[in-house]
Amino acid sequence: MGVKEAMQRSGIGAFLDSIPDGACILDGNRRVVYWNAILTEWTGISPESARGRDISEFIHYDQQRVLSLILTQVMEGGGAVYLSPQLHPHFIPAPYPNGGLRIQQTIIQPQRGPLPGESTLLLIIHDVTEIVRQVKAYRAVRDRALQELEERTRAENALQVSNRKLNLLSSITRHDILNSLTALLMCASMMKEEAKDEGSREGFEKIESIGWTIKRQIDFTKNYQDVGVKSPQWQNVQSIVNQAREQLEGAGFRLECRVKDLEVYADPLLSKVFYNLMENSMRHGERVTEIRVSYRHDPRGITLVYADNGIGIPDSEKEKIFRRESYKNTGFGLFLSREILSITGLEIRETGVAGEGARFEIHGPGEAFRIVQE
Amino acid sequence: MTEDPVVLDGIRELINIGVGKAAGILGELTSSHVILEVPTLSIGEVGNAGGPGEVLGNAPLSMVFIDFSGPMRGRMAIMFSPESAANLVILLTNEADTTAEMDMIRAETLTEVGNILINGVMGTISNFLGQPLTYALPVYAQNRAAYLATPFGEKDHFLFASTRFQVKQRSVHGDMLIVLEMGSLQPLVKKIHAVMDQE
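For the record, the sequence lines run as chains A and B. For the first sequence, my numbering begins at 81 and goes up steadily by one. For the second sequence, my numbering begins at 414 and goes up steadily by one.
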């Protein structure tokens, strides 16, 4: 039975012509006995022309020696051979019409048949040009992203170093100014006491007052320099509120905290925000005996609610209290609290009713909060 | 049977011949001298202490394996740590990227190298037995060593060989594992004894 007849009878020829891969069959002497339609399309070599010729005539010249060894290995009892696109990209050179060679992945499988009583080798060549192109493009994107990340990390580290240096410089400068200012305030106070006339006394009082204003402004810079220095982190709201409560020694109010399991992504200075709210309640609320902290879900995320039962804040002051000018040397101030919260997209506003108590709402998108069930 | 020094020597010799052939092909592929050594060999039962999972631990490995059938039925695998796998691919392809990550292209390169090694060893064993084996296509996976023995029974045998590659003055460590269904080791043991008796 001839090769053609054997291929027809077994149906292998029709099958190999129907697959989208290049395929050929070699006899025991490595001569082509079948050359499929795709290989003809890729190489322009017809099955008639290929048949009977040694496969080495069609193989890329770089691959001749290694292929000979590999085929020997198969013939000597080895199994199927897998030729990767990286080590054998152009096993049988197959150009694209518009230039460039197809990148190939090849499998050589030893088998019995289709020639009666003869061992043959089936070669399947898969065109992986597009996949390889995509993998290379992905690698390029990944490499670019890694490079950008590296540059960003370097820049962040440099920023941290210069930030530390600036903080050190401002800390030393602040310390020196405060020393001089203390001396100035002492002098002004003494001269005020010793002033002979009302005009001089008023002048020294003015100097003293301006000195205290300068001190408050310098204290403000001390607090502000820490905002945003450390990376935000997930914090348990209940723990933060309790911490703030413990720092207010001697404050006699009842704390009702209904935020168990709630965590918020915020600057590590978050505890100062709650400390500041509580301190304000004590200082300005006049009759505060109870503070409640709770939260609610709303369509835009989660809102944390802080409320006391003091005298509240008049409508005309609700926005003013967050201005920098409202900062007094009584702690962090609501201006700084708003700044701290804004680092992670949290917004604070006062929504209470004057006469019924102060009420602060801290709103954030859903991703700024999480519920952690123990 | 598994502690018989004659059998161990015979199998070690077969594996050495096989990896020697593979070294020749790898040398052609890399245009450099490749040294492949098999310093240790052990045989045991899959279910016993010191089985594949225990020998190689729980760390994820890059592995290529081929299933075979015929007078011997089982699976042969070559395994590398992710770092060794990446190093080997870099040595073979001169890629500058030194990350341990294995993408599709690198996995294919490793499949080819594993295939060459496995064919070298199994081809030599098959020739020694004088009976052809039938092979499936090579498979690449990233998994724990124990994964390779999953389809096998506790009484099935495994052969474990530690291998060292030296390419372009750089060393890469790999491990070979052959898992054989019960009874499949017997023809090999018999043949080794027969050859030794002749000598």
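Be a bit skeptical, because a hint or two may be false.
Have a look at the derived ranges for each label pair, beta carbon to beta carbon [stated by the list, open to error]:
no., chain 1, residue 1, chain 2, residue 2, range
1, B, GLN555, A, ILE451, 32 to 40 Å
2, A, ILE125, B, ASN556, 36 to 44 Å
3, B, MET517, A, GLU230, 21 to 29 Å
4, A, GLU198, B, ASN556, 34 to 42 Å
5, B, MET517, A, LYS340, 31 to 39 Å
6, A, LEU181, B, SER584, 31 to 39 Å
7, B, ASN556, A, LEU229, 45 to 53 Å
8, A, ILE125, B, SER584, 26 to 34 Å
9, A, SER148, B, ILE448, 20 to 28 Å
10, A, ARG244, B, ASN461, 37 to 45 Å
11, A, ILE451, B, MET517, 57 to 65 Å
12, A, GLU137, B, GLN555, 34 to 42 Å
13, B, SER584, A, TYR176, 39 to 47 Å
14, A, ALA220, B, ASN556, 26 to 34 Å
The following residues of chain B were derived to be distant from chain A, with all beta-carbon distances above 12 Å [said to hold, decoys possible]:
no., residue
15, ASN429
16, VAL552
17, GLU594
18, LYS603
Hint data in this document are derived by calculation from the structure and do not stem from the laboratory. Beta carbons: idealized from backbone N, C-alpha and C, even for Gly.
When you take the CB atoms of MET517/B and LYS340/A, is the distance between them in 31 to 39 Å?
Since the Cβ atoms of MET517/B and LYS340/A sit about 48 Å apart, the hinted range of 31 to 39 Å is violated.
### Query
Range hint 45 to 53 Å: satisfied by the CB atoms of ASN556/B and LEU229/A?
Cβ of ASN556/B to Cβ of LEU229/A: about 29 Å, so the range 45 to 53 Å is violated.
Go ahead and decide if the range 34 to 42 Å is satisfied by the Cβ distance of GLU137/A to GLN555/B. holds, 39 Å
Note to self: Given a hint of 31 to 39 Å, does the C-beta separation of LEU181/A and SER584/B actually sit inside it?
What the structure shows: holds, 35 Å
Is it true that the C-beta distance of ILE125/A to ASN556/B lies inside 36 to 44 Å, as the hint says? Given a distance of about 42 Å, which is inside 36 to 44 Å, the answer is holds.
Check your understanding: Quick one: are MET517/B and GLU230/A within 21 to 29 Å, going by C-beta?
Key -> holds, 25 Å
Are all C-beta atoms of chain A more than 12 Å from that of ASN429/B?
holds, 16 Å
- Query: Taking C-beta pairs only, is GLU594/B more than 12 Å away from all of chain A?
  - Reply: The assertion about GLU594/B holds, with a minimum of 17 Å to chain A.
Between ILE451/A and MET517/B, does the beta-carbon spacing fit 57 to 65 Å?
-> Given range 57 to 65 Å: violated, Cβ gap about 40 Å.
- Query: Are GLU198/A and ASN556/B spaced within 34 to 42 Å by their CB atoms?
  - Reply: holds, 39 Å
Verify the CB-CB distance for ARG244/A and ASN461/B against the hinted window 37 to 45 Å. Given a distance of about 60 Å, which is not inside 37 to 45 Å, the answer is violated.
query: Does 39 to 47 Å hold as the CB distance between SER584/B and TYR176/A, or does it fail?
result: Since SER584/B and TYR176/A have Cβ atoms about 40 Å apart, the given range 39 to 47 Å holds.
Hints 5, 7, 8, 10, 11, 16 from the list above are not met by this structure, while the remaining hints are.
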